[in-house]
Each structure stands twice: as C-alpha cells, then as structure tokens.
Amino acid sequence: MSGGLTAGPAGEPAAGGDPLLQVRGLRIASRIQGVQRVITVGSDFSLAPGETLGIVGESGSGKSMTARALIGLLPAGVRAEGEVIYRGRNVLALPEHELRQLRGAELAMVFQDPFTMLNPLMRCGAQIVELIRDENGRPLRRAARRAEAVRRLAEVGITDAAVADAYPAELSGGMRQRVGIAASIARDPQVLIADEPSTALDVTTQREILARLREVQQGRGMGLILITHDLRVAFALCDRVLVLYAGSVLETAGAAPMEAEPLHPYTLGLLLSDPPVDRRLSQMAAIPGSVPAPGDVAGTCTFAARCEWRADACTAAAPPLTQVAAGRWSACLRVAEIGPQMQAARAGAQAARDGDAGRAASPAAAGTAGAVVTVRDLEKVFGSSHRAGRRVPALKGVSLQIGADEAVGLVGESGSGKTTLGRCLAGLERPTAGTVLVNGRDATQQAGLSRAERRRLRRTVQMVFQDPYSTLNPARTIGATLAEAIAAADEQGRDIRAAVGELLERVGLPARYAERKPVALSGGERQRVAIARALAVRPRLIVCDEPVSALDVSVQAQILNLLTEVRRELAVSYLFITHDLAVVRQVAERVYVLREGLVVEEGQTGAVLDRPQHWYTRMLVDSIPSSDEAWLARAAEAESERLGSGDGDDADDSRARIAR
Amino acid sequence: MRARSIAIFLIRRALALLVLLVLISFLVFGLLYLAPGNAVQVLLGTHPSSPAIVAAMTAKYHLNDSFIQQYLLWLQGASHLNLGVSIQTGQTVTSLISSRIGLTVFLGLYAFVIAVAAGVPGGVIAAMRSRTVADRAIVGVSLLGVSVPAFVSGVFLLYLLAIHAGWFPVYGPGSGFPDELWHLTLPALALAFGVMALIVKLTRAAMVTVLEQDYIAFARARGVAPARVIVRHGLRNALGPIVTAGGLILGVVLTGAVLVEQVFALPGIGSLLITAVSTKDVPVVQGFTLLAAALLIGANFLIDLCYLFIDPQITAGRGLA
Amino acid sequence: MTVITAPDSGLVGLASRRGRRRPSLLIGLSLLIVVLVATCAIFGSLLAPHPANAQDLLAGVHTASGRHWLGTDDFGRDIFSRLIVGARAAVIGPVLIALGALVIGNALGLIAGYVGGRTDYFIMRLADLVWALPGLLIAIVVVGVIGGGYYIAVAVLIVLTFPIDARIVRGATLQQRTMPYVEAAATLGLSPWRLMIRHIWPNLLPLVMANTFLNFAFSLVSLAGLSFLGLGVPLNTPDWGAMLAQNLPLIQTNPLACLAPAAALVLTATSMNLIGDWVYERLSDRGRAR
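Protein chains in written order, with my numbering: chain R, 1 to 660; chain D, 1001 to 1321; chain X, 2001 to 2290.
Chain R on its own, in the form it takes in the complex (with noise of 0.2 angstroms):
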C-alpha cells in the first residue's frame, strides 16, 4: 500500500544536484462528519531547482489536492500524511506560523479561476505588492507600493500602469490571470505551484499565460509544477510528467519519452483518447466507464476496472510504482509485456485515418428546400431596450443552414455568440432581428400557428447542454424524465415503459437506469440521458452545446463516439458548438468559425482547419497546445498579429471588460 515501501522516484536523484522539493509516500484523506474517504494513497515525486514538473489527472484523481497539500493549504477535514521535504523541512509537520513564513515566499501557489482568484474590493496593484516589504521590513510608501506593483505587472507582460490601479472586475480573465500570477511570486519564491492556470481561459489566451510563466520560470530558474487535465498542455510546458489517476501515481517521465512511448495503458488509453486536430477518425478510442473513487480501487492497479490488459495479478493488490528504464517508471505490472500490444495500438490509432472524405458534406443538397434550419442575418442584443448603454450585441447578423442528416460544427471563444445562436436555434432565445426558418417555417413568427403546431415546430430541435450536471431534475428519475419527453412527442399508444428502456440502451445504458435519480449517474452518464431526452421526441436538429467540456478526456471519447453512432442510425442532424478544433474535427463536416457575433470563415471541416484562411482561425489553430518548442515561443507572435489585425483591442480592451 504505502508507497515508502518501494523504491519510488524519490530516490531518484534529481538532475541538477538534489531535489528542491521531495515528496515521499504523500496520503491524503478526508474525513467529514464521521466519514472517511481517500483522496490519495501515497504519492513519491521530486522536483530538482529550475525543472517543470507536470502533474496531470482527471477529476477525482486528487491532484489539486496534492497541489494544496504541498503548500499546507489543505481544507478543513482533509489531512495529509507522509512527507513533503523542502531544504530540509517537512511542510506537513510544521506549525501554522512556521508554515505561513514558507508561503509565498519559498512556496507559491496560482489558483485556476482567476475570475474568484483576486480579493474584488481591492486594487490589482494593492494586492500584488500586499506583502512586500522593504530591507528593513517595514511596509512600503504609497509612492513605492505602486511603482513597485507597476514593475511586478511589466514582468508578467502587462505594461499598462493603470492596471495596477484597476478593481479585478474590470479586467478580463486574462489579465487577472496575469495579476494572480505577479502577486503570487511577488516574494521571489523558489516553487510555484500553478494549479489549472490557464484551464478557465479561453484558447488563445491559454497560450499567451502558458508562456508566460515558462518566461517567469525560466528567468528566475524557479521550480515549476504545473497541474493540469490537459496532456497536451503539460507536454508543452513540462520537463517531466506524472499520471494521477484516482490517487495513486502511475507513471512519471520525461515530457518527451511519454508522449514517444507511454509506459502504462492508462497514459496510453489518455493519449488515444484525445483527439487530433489533424484528421478524423472513424472511431475514436474510449476508456469504458468512467474515474472511481480511489476509496473504492485502494488495494488494486487502480486502473484495472478498465484496463483491457487486465490480469488476475492486477487486483491483487496495489502495483507499487517501479523504475522500468532510465528516468520512467511506471506502476503497471504487465509493463513488460504488454509495451508491444501497447505500442501497436497506438500505430493502429495513428494510422486510423477514415478521412474527412468518408462522409464528406454535400452542400449541394443543403439547399434552402432541404435544410433543417436556415438562419439569415440573425442579430441578437442583450439588455435593456431603454438603456442604450447597457446593450450588448451577442450577434451581429450570422446566416448558416443546416441540411437533413449533416453536422455542423460551430467554432468560436467565450463572447463570440455560440451559444446564444443556438439558444436561438432552440427556440430559448427571442432574436432581436433576421429569419430562423425550422423545416422552412419561420420559428420567429409564430403567430399564425397553432398550439400544438408550435410545440411540434418546438420540438422539432432539441437541445443537449454543457453541464452534465444541471443538466437533469435532480428531483425526478431518469424515467420519469424521459418519460415526459416521450409523452410530450404524444404518440398515442406508445409503451411508454418500454420506449423508456430503448432509449437508455440507445444511448448506451441499462434499462434498470431508469429507476434511479441524477445524483447517482457520473458525468458521461447523465450527459447520455440528456442525449436520449433529446432523441425521444424525434427531433430533426439536436444543437449541442460544448457536450464533452466538461467531461473527462477518458469519458469524452465515449460520448462523441455516441453522437456520431446515433446519427448514423437516426439520420438527425446536429449544430456542434464548442471551443476546441480538434472535438470539431471529429463530429462535424461543415463548420463555421463564430468571433464577436460574426462569421468570419466557414466551410469543409477539414479544409477549413488544414488552411485557414482568416487570421482568427489561424490564431485558434495555432493556439492547440503543442509539445513542439516553438509553439510556447510563438505566443508573442500572435499576440502581435492580433494587435496587428485591426480590431486587435484585446490587450487593453481587457480593461473595459466588465465581468458579465
């Protein structure tokens, strides 16, 4: 069980001399209101002076944990045991007071959402210089303060002095990140901990925070640990990486050697199941089921459940983490063995390429007659109509079509309207002005139309939302709510009963789920309800919003893979929003690129990401985390080019940006 019995990484001498913080056999574990659950069973890891280490999991794998426990900021009712030696000292032995000397100014740590990081009643600048002191310990003078807080944000790329004097709500998510990052390293401390930095951002901006604290980290030669959900992200960052998953350390590598070769079927089933930008698959390769509890695994390979290498030797007991080759170590037993079966199937992965051309668009056919949906010159404003002020364009006039049978994918950043197009589409959304036409009938005026007739034209797209977790009545049972939905399509005679059950094993889940309530369903599971809530009134257009974003990258596979299998059978179309390319890639055959409520390109799916044409869709593009060198290195290019374009308001458009 403890990871002290084996000879973990934290023997393994650092490069560069010895570690700079020393992590051995760190459990973690709550206990509130009698109840005890463990969050981690025993992590070994090290970082040497100057090095980036990535930490990267799902949910559950008890990773932001680790992070806090580092820096003793554990909650109240969870407890670490083990070690954590910084020069010398056990951070998890020492005494309050003696702690707060180690933070911020030897251990630092930067929070994910920079939204609710800063203190909103207190200046940028007062918060970044709150702590600093001059040589004889005294506060500094009000004169010093800013200067100082103005010199803090130069180093983190923000060079406009009024920012230090700005409150946080009036800076974009960005630039607070960016503050949070200056006050966190304000006392020069020689680790930082970055938990989820850029993971609130928006892509282009992830970027631009990404390389910035590679600048920071690399100018002060500080250690760096990144935490992140993103392998992606931490290959572009990372010197090393390690693999949590459900609170216990799999493998730890170079960035490199792991993304080369992953030595455990878990780091192998993350990277497989992440999609390329670059092509699309057929079929994308999921882990079934979804992340336990490390409670419920404690005694076992913690991923065994969905391992298909799975052996009897594998539920044992808990495979401690063993050196297999110079600087990796993995903590899968059949390493051995299985690396060639491993490796074949990542070839087999790389070279499954159906191409766009498997089932390519035929915009031909999605002529105005056939289309499901055509939108013309939709424009849509928020706010009151009396306050001229307080309008805010959420789309500018966007036109698009819809064909029977086709998907379309709908690309853009927070703000550019995405969303409210197609709350507009689905009919929860009053456009301000132009046409939606739904199987060529203005949904937009409704007058004419009968009671059932609207509801029918209501029906006829449906939606599937983000949050898997709002997403169903916690109050009612899966059955009843399909139930309803099956009702309200009022086909008389239906067995409701048993429609009930066909529609959760469409959807890839038993029958028996039908008696239980939201709350007991995981995330993949309750965002397949909302598909099949979706598919039980026939609709001919499901619009999904982000569908996968907030799931885990094991779990995401699953549910594209379902769309693209439902469509397959059900000949029903779909609006596809979401931020990331490569999800588009997979799931849509047209695509349109969305920017502050306008089109700015659109066309073949593939042609459009391969050669973008627009300098915005070049920006997002560009913006896929990459472990290739020069993509940190091209942050500043881009900002350039953005500033460059025209309407590069961005830097300090910033400001003006009033939390909405």
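If you are wondering where the hints come from, they were derived from the structure by calculation, not from laboratory data.
Note that this is a predicted model, so its numbers are computed, not measured.
Backbone N, C-alpha and C define an ideal beta-carbon position, used for all residues, glycine too.
A hint or two may mislead.
Claimed, not checked - A few chain X residues that don't get close to chain D, going by computed Cβ distances all over 10 angstroms:
#1 M2209
#2 P2234
#3 V2279
What the hints assert, rightly or not - Pairwise CB distance ranges (calculated):
#4 D:A1294 with R:D377: 41 to 51 angstroms
#5 R:P75 with X:S2284: 18 to 28 angstroms
#6 D:I1163 with X:G2148: 51 to 61 angstroms
#7 D:Q1069 with X:Q2252: 48 to 58 angstroms
#8 R:A452 with D:P1036: 56 to 66 angstroms
Said to hold, decoys possible - A few chain D residues that face chain X, going by a derived Cβ cut-off under 8 angstroms, partial list only:
#9 L1031
#10 V1085
#11 I1087
#12 V1146
#13 V1148
#14 P1149
#15 F1151
#16 Y1159
#17 L1161
#18 L1248
#19 T1275
#20 V1277
#21 V1285
Place chains D and X on chain R using the hints.
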C-alpha cells in the same frame, strides 16, 4: 464622473425615501379615520361630550374640511414637529415623545453595542470554525436568541439575576449615568440577545460564503497573516450583506424595546406607545409611528451611504437598484 | 467559455459532502415537543386536570404543589391547566400565518420568477418595502387603533410575511429557470405551468419547507408579544403570552406562573427553528448525494 454618478445615486435614493415617508405619513394620518367611531369621538376619547365641545373640536381639527385638506394641514404641522395634543394628558405629542425618547435611545444603543460586540466576532468565529463544536455552540445560542422574544428573555433575566441572585435592580430607570447604566443593563441584555442572534446568523452566513472563495485561499497561499486574511480579505467582503440588514436590525431593536420597557417598567417611548394604544390616544400613536418610520427611512439612507464606502466599485445604477 | 469542473474536483464540493445524517437527539426532542404542543392545542381542555378558568379567589396565589403542579395565579387558577389549554391560542395564529404566507408567497414567487414582468416588479418593490418593517410594531399600531384583536393581527402578519416568502421563492425560481434541465423541458414544448409546478417547485421544497417552519416560529413569538401587551387574545382566554403578562407581578411569589408559559414559548419556537434547519439540510442533501 464617479463623484457625479454617486451624487445622482444619492439624490435618487433620497427622493425615493422622501416619497416613501410622505406615503407613510398619509397612512399614519389615516389611522384617525380607521379607528372605530368618528374622528370627534376618537379625539375626545373618554372625555364627556356635548354639542359645544363637538363643535369646538370640529373647528379646532378642521374636521369639516375634506380628508385631503385635513391631511395637508396635519402634514404641515408634522413638518414643524407639531403632532397634536395627547388626548389623555393634554400635553403636546412632541413634548411627550421628547421627554421619553432619551431612555429608549440609550437602551437601544446600549443593546446594539452589546449585540454587535458579541454578534460580529461570534459570527466570524463560527464561520472560521465551521462545523466544529465552537460553531455548533455559537449557532445553537443564536438559534435560541432568534426563538426567544425579548420580553421572554427579559423575564428570565429578571428572575435569575435580579430576583434570584439579586445582582441587579428589579425595575425602574435609575438616575444619573452610572446608575442608569446599572438599571438598564438587564433590559439591554434582554434586548441584545435577539439582535445578537440575528447579527450572528447574518455574519456567519456571509463569512462562510466569503471564506470559501478562492481569493481567501489565494491570500493564505501568499502568506498573508491570518488576522489580515480574516479581516481585510474576509470580513471586508462580507460586510455588504451584514450592513444591508441594518434596517431589519433597527426594526428588531425598536420592537424589542417596546416589549422590554414593558417587562422592566421603563418609561420610554415604547411604554408610551402601549399606554397610548390601550387608551386609544390616537395622536400619540400617530406621533410614534411617524417617528419610527422616519428612523427606519433615515437608517436606510445611512446604509446606502455605507455601501458607497464598502464597495468602491458601486456607481449609480449598478449594484444597487 | 465557461469551464465547468466536476463537483468533486472542487474543494467546496468536497467540504459540503456529508455523511448520511440521522436525526440527532436534539431533533428527536424537538419533534416530541412539537407533537406534545400540537396534542395540547387540539385536545387541551380534555387533558387539563382543572378547568382553565376555574377561579378560587380565596385560595389566591400558591406555589407548586401536588394538586397544582405549577401553582396558581392570583385568581387561584391552575397554571398547569391554563398552560395546556393555552397552547391552542398560542399556536393557531402561527399556523395560519405560516400556511397563508406559504400559499400566497409561493404562488406569487413562482410567477414573479418564471414569468417576470409586472408581477415581478410589484413583488420586488413590495418585498423591499416590507423587508425592514418591524411587523410586530405595525401589528401593535393597527390592532391598537382599529381593535379587532387576534385575527386582525394574524392578517397583518400574513400581509407582512408573504412578500418576503415570495422574494425568496422568486430568487430560487430565477436560479432554477436558467438551469439546463428546465430549458430542456421547455424545448419539449411543455407548458409554463407544468415547468413551474412539476419541474421547478419540487426543487425549491427544502427552502420552502424550512422557511415555513421559520415563519411559524417567528409568528409564534410575535403573536405572543402582542398578547403580552394585552392586544392579542380576548381577556381571560388562556394564552401563553397573556399569562406571562398577567403573572409578571407574581414573579416574587410564584415565579413558575410566568416562567412556565415563557418556557413553553421558548421550547416551541426553538423546536420549530431546529426542525426547520434540519429539514433544510436533509432535503437538500437528498438531492446531492444518495
């Protein structure tokens, strides 16, 4: 720009509250006509009636004028602090109230200080030690405080500390500041209990929410000292909801004072109200009600002012409706 | 793009997850007290050992004895019997207020939150107005001037309670309305009424139930205050608040005469508050983790 929008905001709020005050004054004046019997009977109370007296009253109070005219006359008087004459004592309402308000204000402030001094730290500690024994104890006490009306806690305190233990005087306001403080301690404690409970509840709820925020964890991660985390980053952000409840708290204090004065036989404006109500002394009731309304409205305006300091980002129309 | 993280990756989610909660001893006790009070309110005069208004002027004030468990007041009336019979007058008003505010507040709150428009504006302004108003004080003034006693007071308190309830329900409705599960039901073509009553309302239940208990406790205390001032129940009706006032002068001779009704009030109100909190935690846990 900011100064101007603040000024506009304040003027708008002040006007709205003024309109509200006028509206309430209309209702208060209407009380005279809501009381059973006609206005003359109400104003005569238990005094003997004769045609001459009725005629004199009618003339004095302009009872033959239209309702609106009477109201305007009354309002004019009220704006000059002329609220009429008490039916029972013959004194002016203004002098009656001003002779008694000192005690009630003293009692109210005394209780308020106790309640804030115990309630805010209590709420903060409960939030910091959320779900521990300390939290449960504080929440338990505050739950009791909400459930025990001021007159009941007054009776218990009276029995335990004044009669049983004999540490405090049983009733009366005392004379001279130290003696008054001494006499008013039990009533103030009784009054403070419920108010404290309310403040604990509000503070705890606001602080629990704030302490869960990332910016608190981030401040700790930077090594900010615990006291500063709690006060500068925590309480500062929790202040909004607490201050917003100021009007509510004033209402609880006023209501509690009326009851507590009754328990401890204190001659404040609360007992003035109860005497007036039981003797149908409508002008005095009107005077009290108008005073209470003005106090509440004034407090709400003060709260708006506080808000400007609490949240520097508030400009007119945003954040405050 | 808003990135939603699964609940268990957030610290808040972890901290708010609790084990299954059984009713504690305190809750059991509270439930027992409420049942007891309800029994007294319904069958009071059958249970009381003496007629509540039987006077014995010659006997006068007595402290507790085998015959009079809580002694007698200055009219020689049995305190224990009056306490039991008085439960009805103490409880009936709060029940009416809590139920009245529940029905009116929920209906208006749902409509305000879901439909919006003028109803919404009206309710919000009303709630703004009523929120800081001292309800009991208004009841004192209105009842004091108009007369009419108990039921006028009940009506006044309903009027001053339901806007607050409506605002709470409105806020929760607004929050639920934009939830994907409600929007998904809307795209099925279901009627707004069905969405409000079958989908949204059941999810507000913990809030609504808890609030109703709190309203009950609050109006119990308010009405007792009114009776304490002699403005509630008619003279001589046994009632806890009125007993407290009438027997206050006896605090040196038979303290139980006024401490007993005070204790009855406190126990009932505290129990209702405790049950309200407990119901809220239990019902909202049920939705979260099973």
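Here is how each hint holds up against the structure:
no., hint, in the structure
1, M2209, "holds, 17 angstroms"
2, P2234, "holds, 14 angstroms"
3, V2279, "holds, 14 angstroms"
4, D:A1294 with R:D377: 41 to 51 angstroms, "violated, 57 angstroms"
5, R:P75 with X:S2284: 18 to 28 angstroms, "holds, 20 angstroms"
6, D:I1163 with X:G2148: 51 to 61 angstroms, "violated, 36 angstroms"
7, D:Q1069 with X:Q2252: 48 to 58 angstroms, "holds, 55 angstroms"
8, R:A452 with D:P1036: 56 to 66 angstroms, "holds, 58 angstroms"
9, L1031, "holds, 5 angstroms"
10, V1085, "violated, 17 angstroms"
11, I1087, "violated, 12 angstroms"
12, V1146, "holds, 6 angstroms"
13, V1148, "holds, 5 angstroms"
14, P1149, "holds, 4 angstroms"
15, F1151, "holds, 5 angstroms"
16, Y1159, "holds, 6 angstroms"
17, L1161, "violated, 12 angstroms"
18, L1248, "holds, 5 angstroms"
19, T1275, "violated, 10 angstroms"
20, V1277, "holds, 3 angstroms"
21, V1285, "holds, 6 angstroms"
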